[in-house]
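Residue numbers (the working numbering): 7 to 1000.
Simulated from the structure, these hints should not be mistaken for laboratory data.
In this text, all values refer to a predicted model and were calculated from it rather than measured experimentally.
The reader is advised that the hints may include incorrect statements.
Claimed, not checked - Computed beta-carbon distance windows for the label pairs: (1) Val-337 - Ala-271: 29 to 37 Å; (2) Asp-605 - Val-842: 50 to 58 Å; (3) Asp-952 - Val-842: 30 to 38 Å; (4) Pro-31 - Thr-556: 39 to 47 Å.
Glycine residues also receive a C-beta, built at the ideal position from the N, C-alpha and C atoms.
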Amino acid sequence: MRYFEDLTPSTGAREPRAWLRSSRPRISLNGRWNFKLWESAPNGMPKVEVDWGELTVPGHWVLQGHDRPRYTNTAFPFPIDPPYAPDANPTGDHVRTFELPDDWPIDGAVLRFEGVDSCFKVWLNDVEVGSAKGSRLPSEFTVGHLLRPGRNTLAVRVHQWSSGSYLEDQDMWWLPGIFRDVTLLARPLIDDVFVHASYDHLTGAGTLRVDVTSYTVLDSVRDSSRDTALDAVLNSVGGFAPDAVVRVPELGIVAEPGVPVTISAVEPWSAELPRLYDATVEVPGETVELRIGFRTVAMVDGLFTANGRPLFFRGVNRHEHDERRGRAMTVDGMREDLVLMKQHNINAVRTAHYPPHPAFLDLCDELGLWVIDECDIETHGFIYTDWRGNPADDPDWAPMMLDRMRRMVERDKNHPSVVIWSLANESHRGRNLGELAAWTRQRDPERAVFYERDRTYEFSDFYSLMYPPLEDLEAIGTRTEDVPEETADHPSLEARRRALPFILAEYAHAMGNGPGGLAEYQRILEHYPRLQGGFLWEWIDHGLLLPGATDHVYGGDFGERLHGTNFCIDGLLFPDRTPSPGLTEYKKVLEPVRITGPDPLTIHNHRTHTDTTDLHFHWTLNQNGQEQATGHLPLPPIPPGQSLTIPLPPTAPATTPGGGLVASSSDGERVLTVRAVLAKDEAWATAGHEVAWAQFVLDQPDQTPALAEAPVVDSGELLTLGGGEFDRTTGKLTRLFGQVVDGPELDLWRAPTDNDNGQGGRNGVTQEWRAAGLDRLLHRVDAVEVQDNELIVRTRVAPEGLGVSVRTTYHWTANEHSLQLTVDVQPEGEWAGAAVTPRCSSWPRVGVRLTLPKELENVQWYGGGPGEAYADSRDAARVGRYARTVDELQTPYVVPQENGSRIDVRWAELTDANGNGFRVTGTPHFQLTARRWTTEALERARHRSDLTPHDHIYLNLDLAQNGLGSASCGPPATHQHTLDVAPYTFTLRFHPYS
């Protein structure tokens, strides 16, 4: 059997160990390498020939002009025949020459690869060194005996497909190559370090023990036949390095390895206050730098606690992705991710579905995030064999799987941010998972173990699901959920499962416009102690921007027949790391400090470990969007988990004398905004950064109907009413205050979102909407009538081929100041379905569409903003005055779909460069959308470049739109946010503006 197809994890590799910052000499081998791509695995050793090219390491050859990337969600892009790889196995030969100074310490030197996808073999100076599998894990080889002063040649052969590929079906691009750092290390005198730093929350004391292993103990290659359980015991014994000294200067510690030291008072590490102590481990000739965080995690009374308090995860799943570099992340890109997470109130990350670059965890320690570190295992593609042959339950695969778990745990064991080890993702059930859990608990009993997909949860310390509907989540919170069939006949397993704390491994699929319903999820998660939070799917869109391209690509863009379409475009960040509206919404619903009111105001501190000393609270009173008064709220520190109630602040002199903010006003709408901002600079944001906010509408002006004073003037083909001119036959508006327009017409359709479409049609509403003909509505004018000072246009709107319809009546009146439209919508026919009529229970939208001159491109509005919002994604929309161009109103989703709606609009103005145009107000408030292309063009587009500006602006003024939900992988919009098929009436008033 070929080595890349066998079940041997590696040959010639050293024992796994921690990722350490050492003073020993090192040489980075990153940079330009010679490269040759073969269509299948060649024989012999790589030799550079004249037809070779170059590429950059770290990197992926498919992103540097060699072959193409492939994306699949669950399916393997090769026949399922484990452990065999197809003969068509793209193989990249990489060769790098480097110079060693004469005095460089060659003896015992180590060659380290941080990540190679998926299997590789190494030669140094024409001698085979070894091989390894496990793409997102480090591999080390002892190479000192092969090095020489001066010129050395390193050759690495990388196979895209291997037996390891069956363990790496992780819903992402298949990106082969040497994509993490390659480093030559001088012989480590300190081979391994294991930091044990606990915190006693009752006394405030910390206990530190640092186990140190010297090079002489572990200077041997791995042998897959060794007793790995024995290895675990050997590797955990302290005192192997008798000359080593552990120093923590700030605490005055000078200690021997392996000897516990208790400090009477330490500052604990938490994600909220990530306190780190600089430390060193020293032996003659080497110093290893450490950053130690004292913290203790434990299961207490059925809850997962840190430093004595139950944790609550406001989390996100994060794949490593860069739009140009793939998984070859830079440290700057990692820091950018974590800074954005902290700025958006995210406190936890699940490293889906593999260990990240080790520098990422250093940054989590520094900036403060809880981490579920997930092993590089997912066998999801075996769903297509009904799990026959699944490696998770095949003992022959146990060494491969355990090797991956060991390499993760050993590499990452010194990070205080890592509090949970995850065995795998979506790999069904199997005995091998039990072996991983047993080894992990023996090696590191100070952390919890997680695995979601085995419904017995016998190997997990948590109960977990993905994408449950809200009613199921609520049942879990009350421990009244249904018994899984896997534990129905096993009372002890069921009793254990029901006692476990719950974490949402994945929820709220952030694909395209959405996710909707975040506030509802958060309300339930925060209400029940058993629910300890969750991890939204996912952090970033996986769109790739290939050299010379303007559009991000996704599955199917290369003509491949088997692919996952745009299911990889499902993040809170766009591929260029611009936050999406979904991230803004997520920040709002995650707020760790809640402000409720208005009279009285209550500040709730939902943090776990810190009070509110780091925050300042400010209030602002606006009237009709204009600031009237502002002030500071001097509050005492609010302890974690507690609340403080205060009266409304006094008003500024501009308000009613002697009155409070609640005093009534007849001059317009008054809105109180209360904000919590950082009091000082933090590592992830500057002073003044907003952490939480709330708004309260104190009073609103009366909205009296406009009097119908202006007459309708009939000029034959033209009807004139106030500032409007109408076609006598169609009843459509042709001019509005001198501007050429067309419309309005009832509009029930929107370009379906990914969440409208559902997952393969499951839970989606688009199919129902199309079956009801909502995408092919025809308009018939039944009457254009003049009654006194009112113009009435009666229409029937109906789809081709069906008997259902919508009777729509437009009532126009006017006075010297405005033109008023009241729209009455009445559904007719069997919308609920009949024997031969499809059921349609909701509409995408209810509103009107107008066509305007393209010059009316400047939009100002008073209402929800500044970004887009929908019925179930509106928490982040705050009432204010905003201004954007029509182009700026668009949200640039990788796959074009419904976007850009502004919600709760009181009034909006559309004007040209000279300030001429019109204002529209609504009763009730309306939703505003304006584009340079039609809904139909938006629906047809598959990439952003497919959208070509038209010669008009298309304005939608909606009473409402259907909610978004997260049915691209999860539940649809809840009934509360569903736009029912029902009668509706709404009013719009148009005013001239100049």
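Task: Outcome of range test on Cβ distance (Asp-605, Val-842; 50 to 58 Å) - done: Given a distance of about 57 Å, which is inside 50 to 58 Å, the answer is holds.
- [ ] Go ahead and decide if the range 29 to 37 Å is satisfied by the Cβ distance of Val-337 to Ala-271.
- [x] Check passed, 34 Å falls within 29 to 37 Å.
Task: Range agreement (Cβ of Val-842 with Cβ of Asp-952, hint 30 to 38 Å) - done: holds, 37 Å
Task: Range hint 39 to 47 Å (beta carbons of Pro-31 and Thr-556) holds or violated - done: Between Pro-31 and Thr-556, where Cβ atoms are some 45 Å apart, the hint holds.
Comparing the model with each numbered hint stated earlier shows that all of them hold.
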